[in-house]
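J.: Here is how the chains run, residue by residue.
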Amino acid sequence: MLNVLMLGVGQCGNRILDAINKEAFGGASRLSKYYSRQKFPSRVETIAINTAINDLKELRFTTAKDRLHVPNLHGVGANRNVGKQGFWDNREMIMEEIEKRGDFDVAFVMTSTSGGTGSSFSPLLIHELKERYKNISVIPIAVLPFREEGSIYLQNAAFSLRELMEVDAEGLILADNQYLKRCSGDIATAYDKINTMIAQRTLFLIESLDSEMLSVTDLGDFKTVMSGGLRMGTMGFSQADRKNPSVKSAIQNSLKPGSLLYPANVYDEAARAMVIIQGSREYLDVDEITKEIEKLCAGAGHVFKGLVIKKGYPKVLTLFTLASVPEIETLYAQAARAIHEEKDRKQRAKKQLSDAFAHIEDLEEIY
Amino acid sequence: MRLTYLMVLIVVILTSSQAKDSNNEVTFSDFTLYTGDSVEIASYTIQLVEVQSVRDGIVVIRATKSGGALDEQRALLQNNANSFDGGSENGGLTVTITDIFDDQSAKVRVEYPKDMGIPRKQTAESGSKGPGSQPVLAVEKSFDNDNPSVGSEVKVTVMVKNIGGGLAEDIVVDDQPPLANFVYIAGYPPKIKSQLDPGESDSAIYVIDAVKEGTVKVPPIEVRYSDSKKNTKSNESAPFNVVIAPKSMPDLDIKLNPSGSIPLGQAGRLNVSLYNSGKATAYKVEIKSEIEPSGGLDATDLDKSYFEIDPGAMESYSAELTGRSSGEYTVNLKVSYQDGNDVLLKEGSTTIVVLEREYKYLYYLLILPLLAVSAWLIKRYKEYKY
Ligand SMILES: Nc1nc2c(ncn2[C@@H]2O[C@H](COP(=O)(O)OP(=O)(O)OP(=O)(O)O)[C@@H](O)[C@H]2O)c(=O)[nH]1
Ligand SMILES: [Mg+2]
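Protein chains in written order, with the working numbering: chain A, 1 to 367; chain B, 1 to 386.
No wet-lab data here; the hints were simulated from the structure. Mixed in with the good hints, there may be bad ones.
Heads up, simulated DSS-like pairs for lysine-lysine below, C-alpha to C-alpha not over 27 Å straight-line [claimed, not checked]:
1. K57(A) - K385(B)
2. K256(A) - K193(A)
3. K382(B) - K39(A)
4. K379(B) - K100(A)
5. K57(A) - K233(B)
6. K65(A) - K288(B)
7. K57(A) - K121(B)
8. K65(A) - K382(B)
9. K379(B) - K39(A)
10. K57(A) - K243(A)
11. K39(A) - K385(B)
12. K193(A) - K181(A)
13. K382(B) - K100(A)
One side of the interface only, derived from the structure: several residues of chain A facing chain B at Cβ under 7 Å [what the hints assert, rightly or not]:
14. L31
15. K33
16. Y34
17. R37
18. K57
19. T63
20. A64
With the C-beta cut set under 10 Å, the calculated list includes, among others, these residues of chain B facing chain A [unchecked claim]:
21. Y188
22. K191
23. V373
24. R380
25. Y381
Cβ atoms here follow ideal geometry from the backbone N, Cα and C, with glycine treated the same way.
Please model the complete structure; the sequences and the hints are all you need to start from.
T.: In structure tokens:
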């Protein structure tokens with residue numbers, strides 16, 4: 001059985017973690033924690049880490065002992081330098097809290113790239129995990145900001161994404177708020193929806209990695225996929241239903257833009273992929289599956305296939321790394337522009353003020 | 001009745017001689033009149049004819065109204081208000097002899113509506129009147145209780161007095177036969193002397209019992225007599241009304257107030273109260289209990305007796321009930337009491353439930369899962385409370 005560590009850092013990470021805990025209860029109701037038990041496929045430990053205590057209080061499905069407040073900081077106000085300092089000051093405390101929970105084979109670190117706390121803590125945290133756990137695989141799940149959220153968020157996203165790529169992690173899974181915005185009208189529901197999507201996919205992924213059945217994918221396959229291409233990837237998911245139980249359309253649907261967490265043309269841009277199919281035996285037509293996978297193989301370098309026999313209509317998760325990320329480049333261009341503009345604005349303002357002061361340069365107060 | 005009148009009058013006299021009661025627009029004036037003197041007010045004249053008896057307090061008054069609408073001679077008992085022409089409340093006059101000084105003079109109170117004006121005293125021209133040599137008999141019939149209730153006794157006084165100047169002979173009083181609302185008990189017919197000298201009087205009393213409620217017009221009594229020349233004369237008393245009230249009876253209301261259902265083998269209380277809502281005292285009140293079905297519910301101190309319960313009074317007591325076997329019981333209380341003659345009966349009842357034995361483990365079956373669920377909920381709540 002896999003030992004899985006899930007860390008949600010910063011408000012965004014905390015809330016995705018809470019969504020995972022909620023999904024583990026069955027996901028249905030606000031009150032499910034009162035009557036239901038969490039069903040994690042593996043041994044899963046979840047910890048929500050934040051500098052803002054209010055963000056931690058907001059959580060509903062994460063136990064109190066799983067909420068770690070990094071003291072003396074009430075949020076870092078999107079300032080990553082303050083965030084980094086905060087992590088260093090509290091490093092031992094944070095790591096102790098994690099190490100208390102035993103050994104881990106794999107860790108998922110969920111964070112926004114654009115806030116202060118999550119984006120600054122996560123690269124440092126991943127580094128620490130790698131130092132302290134010999135054989136751990138660490139996969140960050142990074143959330144990109146809405147592009148209109150402002151220049152600081154854009155610049156944070158640019159720098160923290162680079163740090164996440166530079167740290168010694170097993171690739172990076174992307175989720176893009178901007179891309180997922182179409183999910184729902186207002187911000188709160190959009191967040192909830194996005195978080196639920198990420199939660200479902202992550203739990204499904206763990207379940208299939210931990211399955212002991214034949215012809216399934218394992219952690220090794222997962223790492224191989226993640227190390228492909230630019231080591232950045234994302235996930236797609238689809239669930240067949242009574243009206244259309246065909247596994248073929250389930251696979252196709254899981255690759256459609258609407259099912260992905262980050263915009264990509266999978267057939268053209270995927271570097272390596274992993275397709276995990278779950279469902280009752282009668283729906284899993286091997287010929288159809290093979291045909292679909294072959295289609296994917298034509299573009300992607302290698303495709304791992306996993307089959308999990310479990311009662312129900314087919315569910316398909318596709319995980320892939322990308323060979324090109326035009327969207328990311330656009331983001332960096334935007335960020336650079338924003339940084340320049342910010343710099344200009346600052347200089348202009350500074351000049352204006354010194355011009356103003358110049359008026360009284362040789363003067364003294366007279367009473 | 002007379003006593004109350006007297007008291008009211010004394011109080012009125014003490015506070016003021018002029019009534020200030022303008023509500024019913026009636027006022028009064030007091031006059032000291034000698035025989036033959038009169039008081040005039042509006043068109044009325046009230047004349048003191050004579051003081052018939054200082055001892056018995058009887059004064060003869062004549063009331064007239066110009067135009068002849070009223071001409072009435074009446075013997076008035078001292079401190080007895082007499083209405084003329086409907087009385088002062090109804091636009092007439094009310095006359096009361098409040099004091100008798102001697103056989104020539106008396107104090108007379110005249111009550112009259114305020115708007116009549118001011119009464120004036122007229123002194124008699126000396127020698128104009130006065131008892132001549134003719135006999136004049138005044139006759140009066142009075143009840144000692146003008147407001148009896150059914151079953152109560154009334155004394156009727158018949159009084160005849162010679163207020164004239166000559167001997168009255170062959171005196172016969174003619175009282176009406178018994179009235180439908182009364183039965184005559186004793187002394188009827190009243191006997192009066194057959195001769196009366198001037199100034200002499202005679203009276204007789206008989207006793208009757210009121211038997212039927214209602215308003216009764218008491219007919220006048222007639223006296224017939226002759227003078228020395230054998231001229232026959234007669235006179236009549238004034239008629240008056242008597243109201244007979246319904247018989248006053250005690251009436252006991254019984255109320256049973258149980259403390260609630262009684263658990264098997266335990267005791268409860270039953271409060272009993274008796275209220276006399278009648279007009280008479282209830283005597284020899286006895287309460288006897290009956291429990292149906294018998295055997296399953298024990299009661300102590302449920303039977304009780306009281307010597308008397310006055311009208312408007314309430315007695316209550318409390319009995320202990322013990323449940324011997326579960327079920328529904330009817331507690332019946334029979335109250336018997338007397339009003340002097342008759343025995344009266346009343347009943348009251350209530351239902352008492354003796355509960356089945358409670359099997360506690362049945363509760364545990366309910367409570368334990370509830371406790372477990374709450375404990376679980378609290379544990380979960382604490383686990384997630386940050
Ligand atoms: N998908 C998703 N994105 C979120 C959610 N909450 C915040 N974000 C995004 O996260 C970014 C802000 O980062 P946060 O996680 O709130 O910031 P933080 O890490 O708590 O840092 P500070 O608040 O600055 O200390 C913005 O781009 C938001 O759009 C959420 O619940 N779901
Ligand atoms: Mg925050």
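J.: Have a go at the Y381(B) hint: is there a Cβ in chain A nearer than 10 Å to its own Cβ?
T.: 8 Å, holds
J.: Straight-line Cα separation of K65(A) and K382(B) no greater than 27 Å?
T.: 10 Å, holds
J.: Let's test the interface hint: is any C-beta of chain A closer than 10 Å to that of V373(B)?
T.: 9 Å, holds
J.: Has the given pair, K57(A) with K385(B), been kept, meaning a C-alpha gap of at most 27 Å?
T.: 8 Å, holds
J.: Was the hint right that K191(B) lines chain A, CB cutoff 10 Å?
T.: 107 Å, violated
J.: So, as I understand it, the hint says Y34(A) touches chain B; can you test that by seeing if any CB pair is closer than 7 Å?
T.: This hint holds: Y34(A) lies near chain B, its Cβ roughly 5 Å from the closest one there, short of 7 Å.
J.: Mind checking the alpha carbons of K382(B) and K100(A) for me, to see if they're no more than 27 Å apart?
T.: Cα-Cα ~21 Å, so holds.
J.: Holds or violated: are the alpha carbons of K379(B) and K100(A) at most 27 Å from each other?
T.: Since the Cα atoms of K379(B) and K100(A) sit roughly 23 Å apart, the hinted pair holds (cutoff 27 Å).
J.: Is K39(A) close enough to K385(B), meaning Cα to Cα at most 27 Å?
T.: Roughly 21 Å separates the two Cα atoms, so the pair holds.
J.: Going straight from one Cα to the other, do K256(A) and K193(A) come out at no more than 27 Å?
T.: 18 Å, holds
J.: Close enough to count: is the Cβ of Y188(B) nearer than 10 Å to one in chain A?
T.: 99 Å, violated
J.: Using the nearest Cβ pair, does R380(B) come within less than 10 Å of chain A?
T.: Hint holds; R380(B) Cβ to chain A Cβ min 5 Å, cut 10 Å.
Hint check: violations occur at hints 5, 6, 7, 10, 14, 17, 21, 22; the rest are consistent with the structure.
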